[in-house]
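Trainee: Residue numbers (my numbering), protein chains in the order written: chain A, 1 to 228; chain B, 229 to 510.
Certain hints may be false.
In silico DSS-like pairs for lysine-lysine, Cα to Cα no more than 27 Å straight-line [as the list claims (entries may be wrong)]:
| hint | chain 1 | residue 1 | chain 2 | residue 2 |
| --- | --- | --- | --- | --- |
| 1 | B | Lys266 | B | Lys329 |
| 2 | B | Lys491 | A | Lys91 |
| 3 | B | Lys491 | B | Lys455 |
| 4 | A | Lys91 | B | Lys499 |
| 5 | B | Lys351 | B | Lys455 |
| 6 | B | Lys444 | B | Lys351 |
Now the stretches of chain A that chain B is said to cover, found in silico as 3 or more residues with beta-carbon under 8 Å [unchecked claim]:
| hint | segment |
| --- | --- |
| 7 | 6 to 14 |
| 8 | 81 to 87 |
Calculated from the model, a selection of chain A residues having no Cβ within reach of chain B, i.e. all distances over 10 Å [what the hints assert, rightly or not]:
| hint | residue |
| --- | --- |
| 9 | Gln64 |
| 10 | Pro120 |
| 11 | Arg170 |
| 12 | Lys178 |
Please keep in mind that the hints were generated in silico from the structure rather than gathered at the bench.
Ideal Cβ positions, reconstructed from N, Cα and C, are used throughout, including at glycine.
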Amino acid sequence: MIAARHILGTFDESLAALRNNVLMMAGLTERSLERAMKGLIDRNDDLCATTIADDEEIDQLEKQIDKDGVDILLRFQPVASDLRRVVSAMKLSTNLERMGDQATTIARRARKLNQHPPLPEVNLIRPMYDQAMSMFKDSVDAFVREDVDLGCAVVTRDEKLDELNHEASRTLIESMAKNPDQLRGYLNLIFIGRCLERVGDHATNIAEDAVYAAAAQDIRHPSLTATT
Amino acid sequence: MEELVMETPEQTVLERLEQGTAPAPEAEIPPARTFEVKNMSIWYGEKRAIDNVTMDVVSNAVTAIIGPSGCGKSTFLRALNRMHELTPRTRMEGTVLLNGKDLYSNTVDPAIVRRRVGMIFQKSNPFPTMTIGENVVIGLRLNGVRNQKLLNERLERSLRMAALWDEVKDDLHKPGTSLSGGQQQRLCIARALAVEPEVILMDEPCSALDPIATAKIEELIYELKSKYTIVTVTHNMQQAGRISDYTAFFYMGRLIEFGPTTKIFTNPAEKQTEDYITGRFG
Numbered sequence: 001m002i003a004a005r006h007i008l009g010t011f012d013e014s015l016a017a018l019r020n021n022v023l024m025m026a027g028l029t030e031r032s033l034e035r036a037m038k039g040l041i042d043r044n045d046d047l048c049a050t051t052i053a054d055d056e057e058i059d060q061l062e063k064q065i066d067k068d069g070v071d072i073l074l075r076f077q078p079v080a081s082d083l084r085r086v087v088s089a090m091k092l093s094t095n096l097e098r099m100g101d102q103a104t105t106i107a108r109r110a111r112k113l114n115q116h117p118p119l120p121e122v123n124l125i126r127p128m129y130d131q132a133m134s135m136f137k138d139s140v141d142a143f144v145r146e147d148v149d150l151g152c153a154v155v156t157r158d159e160k161l162d163e164l165n166h167e168a169s170r171t172l173i174e175s176m177a178k179n180p181d182q183l184r185g186y187l188n189l190i191f192i193g194r195c196l197e198r199v200g201d202h203a204t205n206i207a208e209d210a211v212y213a214a215a216a217q218d219i220r221h222p223s224l225t226a227t228t
Numbered sequence: 229m230e231e232l233v234m235e236t237p238e239q240t241v242l243e244r245l246e247q248g249t250a251p252a253p254e255a256e257i258p259p260a261r262t263f264e265v266k267n268m269s270i271w272y273g274e275k276r277a278i279d280n281v282t283m284d285v286v287s288n289a290v291t292a293i294i295g296p297s298g299c300g301k302s303t304f305l306r307a308l309n310r311m312h313e314l315t316p317r318t319r320m321e322g323t324v325l326l327n328g329k330d331l332y333s334n335t336v337d338p339a340i341v342r343r344r345v346g347m348i349f350q351k352s353n354p355f356p357t358m359t360i361g362e363n364v365v366i367g368l369r370l371n372g373v374r375n376q377k378l379l380n381e382r383l384e385r386s387l388r389m390a391a392l393w394d395e396v397k398d399d400l401h402k403p404g405t406s407l408s409g410g411q412q413q414r415l416c417i418a419r420a421l422a423v424e425p426e427v428i429l430m431d432e433p434c435s436a437l438d439p440i441a442t443a444k445i446e447e448l449i450y451e452l453k454s455k456y457t458i459v460t461v462t463h464n465m466q467q468a469g470r471i472s473d474y475t476a477f478f479y480m481g482r483l484i485e486f487g488p489t490t491k492i493f494t495n496p497a498e499k500q501t502e503d504y505i506t507g508r509f510g
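So that you can see chain A by itself, here it is in the shape it has in the complex:
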């Protein structure tokens, strides 16, 4: 939805700058997750190193978005949909920064795995990655397009990711028992799975914030809705 322009042009400019920084941060985070995963699958240390180095840029954008958000609150005192967009953008940046941290952790673990012979169990990670990334992309899309239905749909997909992580962890623990020499490798894969599960949690948070920004509906913790 394209809202009508504000009478105060600088307000529109500030909101647009905030939104652009969020989109840039989302783009960088997506690229980092892709590189970390490629570094794991292709056993490419350079990609892992690039992912770790790029985290600084994501952290910098988080600080910039917080600063810009506070600046808008201070200068323009936004209300209604403007207020919701600013608050959601600031919350989004926090989730994106943590996703960037997960990408860094995946890259560090991948680099350790790359020092040893490849483990076939690395294939267990792929479906989790696909699920987490599709949730991430759709959650950002829901924010950009103010699509309430898409945002709500992302939230329901987190359960599948949790199940995939649970299954992968169980298989990896069984592998540890069968092949104790590769204990460290399996542990690294378990931690990578946990990182992707956390990526799904952050995507869920982003989707919830997207729904709030678009429709002022708080869909978090549905079990509490009846009592509050």
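Chain B: place on chain A using the hints.
Mentor: Relative to the frame of chain A, chain B by itself:
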């Protein structure tokens, strides 16, 4: 050797918090209403200033009326104490009930209405020839009160309620106009309170004041609402958000939206309201 013992704190943070927790509220009951306005329309000559407005004003709460210039906010406010009738060629349709009684009944004296429903204006207007003390009690005097003890009591109480007593108690004999703008406005509030109204109407009471004086008036409004019903017109969105419990948005004489202030300023139901409060109007 002394034995080290880890002592359990007497109370946990949660326990301390619980001690200060009020009992759970009982089932929600609809709030009492001071004004019930039904199908109000007002004309100045041929021009229709208010167009079929129906709205309740909740008791012991602050209701803010917002809207662009010329939307009918002040006319609506003035109609709540029949002050708009002072403008020539004014005509009104509809009903206004004040605590269930028709404000516009033929048997009702407008002067009595204005005593029950006080008004504070945009620009402070103390009587220039009167002292601070005389300004406060003039309403009582005009209503025939001659008892000096009662007048003195009401003078102090009104000035205390208007948060002005400490600042002027030694200068009651000085002209009202010797006070600062913010103090003059609080003096006018004290003057309105002296006749013990049921409602206080405020027409942009802070628009001519600096931020400190504005904050004092806003604090005063917050304190007064426990005893009075307050309706205020304001052009300041942030002020409406800070001080009011309910907000009404008027546009071209019509009531576009009315509801709890939190709802209006986070998720208004009407696009016109959203466009106005977010600064997209026009």
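Trainee: Against this structure, judge whether each hint is valid.
Mentor: Taking the hints in turn, this is what the structure says about them:
no. : hint                : verdict
1   : Lys266/B / Lys329/B : 13 Å, holds
2   : Lys491/B / Lys91/A  : 21 Å, holds
3   : Lys491/B / Lys455/B : 25 Å, holds
4   : Lys91/A / Lys499/B  : 26 Å, holds
5   : Lys351/B / Lys455/B : 24 Å, holds
6   : Lys444/B / Lys351/B : 16 Å, holds
7   : 6 to 14             : holds (count 4)
8   : 81 to 87            : holds (count 4)
9   : Gln64               : 24 Å, holds
10  : Pro120              : 50 Å, holds
11  : Arg170              : 37 Å, holds
12  : Lys178              : 45 Å, holds
Hint compliance for this structure: every hint is met.
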